[in-house]
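Sequence lines, in order, name chains A and B.
Mapped onto our numbering, the consecutive letters of the first sequence carry residue numbers 27 to 276.
Mapped onto our numbering, the consecutive letters of the second sequence carry residue numbers 830 to 1234.
You may find that some hints are simply not true.
Unchecked claim - On the chain B side, residues computed to face chain A include the following (Cβ under 8 angstroms):
1) S834
2) R845
3) E1141
4) M1146
5) V1148
6) I1228
I should point out that these hints are in silico values taken from the structure, not numbers from a laboratory.
The C-beta atom is built at its ideal place from N, Cα and C for all residues, glycine as well.
Each chain, letter by letter, is given below.
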Amino acid sequence: MNNGTVVKLIDVHKTYLTGEVEVQAVRGVSLEIQRGEFVALMGASGSGKSTLMNLLGCLDRPTRGQYLLDNTDVSHLNRDQLADIRNGKLGFVFQSFNLLPRTSARENVELPLLYARHALSNHQLRERADRILASVGLQGREEHHPSQLSGGQQQRVAIARALINDPEVLLADEPTGNLDSRTSIEIMGIFQQLNERGITIVMVTHESDIAAYARRNVVLRDGLVLNDFAVAERRNAADELGRRSDGVMD
Amino acid sequence: MRVTSTINVAFRALRRNKLRSALTALGIIIGVGAVIAMVGIGSGAKAQVEAQIASLGQNVIVISSGSTTSSGIRTGWGGAGTLKIEDAEAIRREVPSVIGVSEEVPSTAQIAAGNQNWFTRVMGESPDYFDIRQWPLAEGAPFTAQDVRSANKVCVIGQTTATQVFGNDDPVGQTLRIKNVPFIVSGVLTPKGLSIQGTDQDDVVVMPYSSAMKRVAGGTTLRNINVQVANASDLEPAEQQITSLLRQRHNIRAGRDDDFTVRNQQEIAEAATATADVMAGLLGAIAGVSLVVGGIGIMNIMLVSVTERTREIGTRMAVGAHGRDILTQFLIEAVSLSSVGGLLGIILGIVASKILSAIKHWPSLISPGSIVLAFLFSAAVGIFFGFYPARKAAALDPIEALRYE
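Chain B with its partners taken away, still in its complex shape (with noise of 0.2 angstroms):
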């Protein structure tokens, strides 16, 4: 009983000074508002990122050619032109849990159709790519195992691609000239939107790596071998199993380095949603500064008030109240403060990342459990930063309490 007694009287205290209250609680809303609205907006980002690493398949590796040096001058990854086409045959034959092999040829070219014409990447690739990338066909059907062994000259392309050389024609079975090369369109493939490094995934050109070697790239290496796994699981033993296999056949000894890389899609994904992570954390690390800085608020009233209030803590000291009394009533109006701010912060803090989001189209995730937190670390504050001023209005001594002007 003594206890509510005691809330009552924290309550009576913080309704007899209704602007301060107010202004101190602002301090907790804002910095909860913060933290909420910037881990949101982190934790956005970061889903955005993933949903993009999924988009580049499930379970790949890619495995680059290395670079060289020729008269003293290294060329960088893919220079090398290590990988053959026989190396990729070999790892579709050898390695058991492959389920796709995609050989990669990529380059650049001016491209033209009609009175159009267009810069693109082209890619040279298997037809196991649009399994690998998970990317299927808006319409039209992709290039077969027959386009790779003939060398055919038949391409798939991107959305923006089509828009930007046939308008709103149809491109199916229209002829699109690659450097000059009349190709026929077989397909068009569906939007997929930015890459994480913000190019435009659809606008590109994908043709039979054969053709893409005989007609638009030349040479015949491969930059990338895309391989795809049956499960997970199978990631780390694939791998191994590619590199002992394309060591043993570019006849590297032991101790010498790969002239090759093999990276799996689990990597990739790590490396680019390290970055998210790290905003994520700025972000949050930002927003916790500035809840730190509303419970330092709390604190500061806090002491104002006891300073404030000496003659009162000394009058209730005198007709009764232990010092444990007044310390659980400091505590109850701190931690009151605190927590009602960091419940109106929520709300802030929810309002702002929508307001974002829609202003500036940024993707906010507020998990339930970063509110729940959120409101537990603002009433943490409030015993935190209340207990030491609560403690000192408890160490009065009630005779000069009383006696304090």
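In isolation and in its complexed conformation, chain A is listed as follows (with noise of 0.2 angstroms):
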């Protein structure tokens, strides 16, 4: 599935100035994603993790380095043409959903086509959000406001949020940080689900059990790469969510 590189950073720095001190988030990462890839990126916090998740979501300029997004380099465009990147070429989940309150899951799927430069009809976009809603198992909950969902039913809508405009990557921020462990191997199913379809996956978490349903992990510290490997023991979701079904059958 390795048809080509999706991400290129090139020795990518980030400066923060917060008041008179000059702090140096991310301090020279060199990093390339393959298409296809499912990367999770680790570290403490303060590792520099979360700043490397903006600058790869194109919410942020890195100060010196560069990056470039499906072989475009995004390094120097302004905030509309950011904008336009993360709408055409972006997908993101967050760690606390970020629905709409009081606003059915379809409209909610719905919000990156209506800032897409091609506008659809309501009709086709009704139809594309029910066909994705229904491909990460919420048919029937179309209608549905945020606080009528479960957690997990929650982070679902999201990620058929950042599925809608058909992403070259989908970018998750903790994605199961506020759910619990059933709940959160239910949402690493759906990630590994969509991986063997292709879509390429970079997850920020700090949990190693998390991580290692991934297939690579890039370990940060201090704004550097620490450590970036393939996953040895590979969890499967499907298999795990299988034999728990199974003891509860015991």
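Dock chain one against chain two, each of which comes alone in its own frame, and use the hints as you go.
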């Protein structure tokens, strides 16, 4: 499935000015991610993983260095150009879901398409949103508001929202941080399924057992890559869920 | 297409907060309603005053005798008795645009007929008076120039006087004792209603000025001379001609003040409508304040909304919204609130002014212009007070907005 580089960071730096003090959050990271990979970015808090995630997500620009996304240099784009890149090439999944309250699952999923360059008709929007919701197992919940859904279901709506624009990369920031362990495994199951279908996933997590669902782990410390390795004993969410329900059956 | 989907987004956001949206719009509803109702009542009052002014007659000039100083004591206007019958005749003769002149000798008197008596105003006038004031008779006939020459004891009475003294009887041809002098009532005037000052114009007896001088008021001078000219454009030149004519007749040397005053009806009208204008302006201003308060309400709610929805804004930006999209969304929300409020406010204002004029008998006049203006103004209020919060929302940093708790 390695048919090209989708993310390429070349000696990327990010320095923040907080008052008089310069904080070097990322200090020269070079990283390549191939299409179809499932990468977990790991590290303690303050390791620079969140900053790196913001850079990968085109929410921020590097102070120095180059970021090629899908062979396009996005290091020097302005606010609006970055917004268009996010809209067309990236999908976001957040720790706290970030769904619009009092808004149906369907309308939440439609959101990125409302800002797309090529607008779709209401009918097309609806059809596409419903199809994606069904693919994450939420058929029949299209009209539900976030408050009527469980945490796991809310995160599935968020995943559906991230997928609706067929992104090059799905970025997930602690996607299981607000979920219990069983629901976390379910979400990892969805991620693994999506990855099997060829979707590139980059996930930030500080839990090594969650990172074990990925194919590759990148460990950061003090703004530098400390370790970058393929996961040796990869966990399989589908198997674990099957075993768990077997256990319940016993 | 992006605009239509932004409108869609804004309406979805408003629908999510129905009660808040309704309460915010209420501020504008009340503001616009107040403006419509107050301006309506103000311009109704002004129209009423203008109608009263018009009832004074068209193209009228009033010359009043001046004040005088005797032993250091100054009399008020009209006290000097500087206007003579000959002055009026000179005006009639020498000012070409003049079409009517009425010598005026006002006084008050106790009048009686049968077993009824009444205290009223007695106006000595010439027969031109009824044309000048555009005041036709309801029945009977006016007195004539011959009556003036002979100082005949005839008079014309107003509706109020007729009812007070004669009750339901027909007054025409009956005898009316004025200061115990018997006069024949030759006619009854049509009702004219209240004057600008609020006096009952129908509570009056009108008689030849010669009779008034001889039998009622005494003296040989005129208080006022009412003059009517043919066209409004004649007013200014006629005033100047009258002034120089009277100065010459009164032997007033250059540099000395006139011993009379000349005012035209337009000036009187301006003085009277000035009050109505101030009233209308004041009412409008007070109502305008409530509209501005409504606008501040919108700004307040939009600011709260921006803060409360910071994460939502962050999410929208993360999935590709430009700052401009966010700005437009919040502006559309503000303008929708204010213009829907404006529409409902217009309805409220019309209903309120109808109710007020029905209960209080205040006339109200709502022009289509003021409705359009109120609507545009309410939309402008939305843009003005919505812009700051919208810009604040658009300028948010997506990373911080996403992390906002």
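Hints versus structure:
1. The restraint placing S834/B at the interface with chain A holds, with a minimum CB-CB distance near 5 angstroms, inside the 8 angstroms limit.
2. For R845/B, the shortest C-beta to C-beta distance to chain A is roughly 4 angstroms, which falls under 8 angstroms, so the interface hint holds.
3. For E1141/B, the shortest C-beta to C-beta distance to chain A is roughly 6 angstroms, which falls under 8 angstroms, so the interface hint holds.
4. Checking M1146/B against chain A by beta carbon gives a least distance of about 7 angstroms; that is within 8 angstroms, so the hint holds.
5. A cut of 8 angstroms between beta carbons decides the hint on V1148/B: the least distance to chain A is about 4 angstroms, and the hint holds.
6. For I1228/B, the shortest C-beta to C-beta distance to chain A is roughly 5 angstroms, which falls under 8 angstroms, so the interface hint holds.
Checked against the numbered hints above, the structure breaks none of them.
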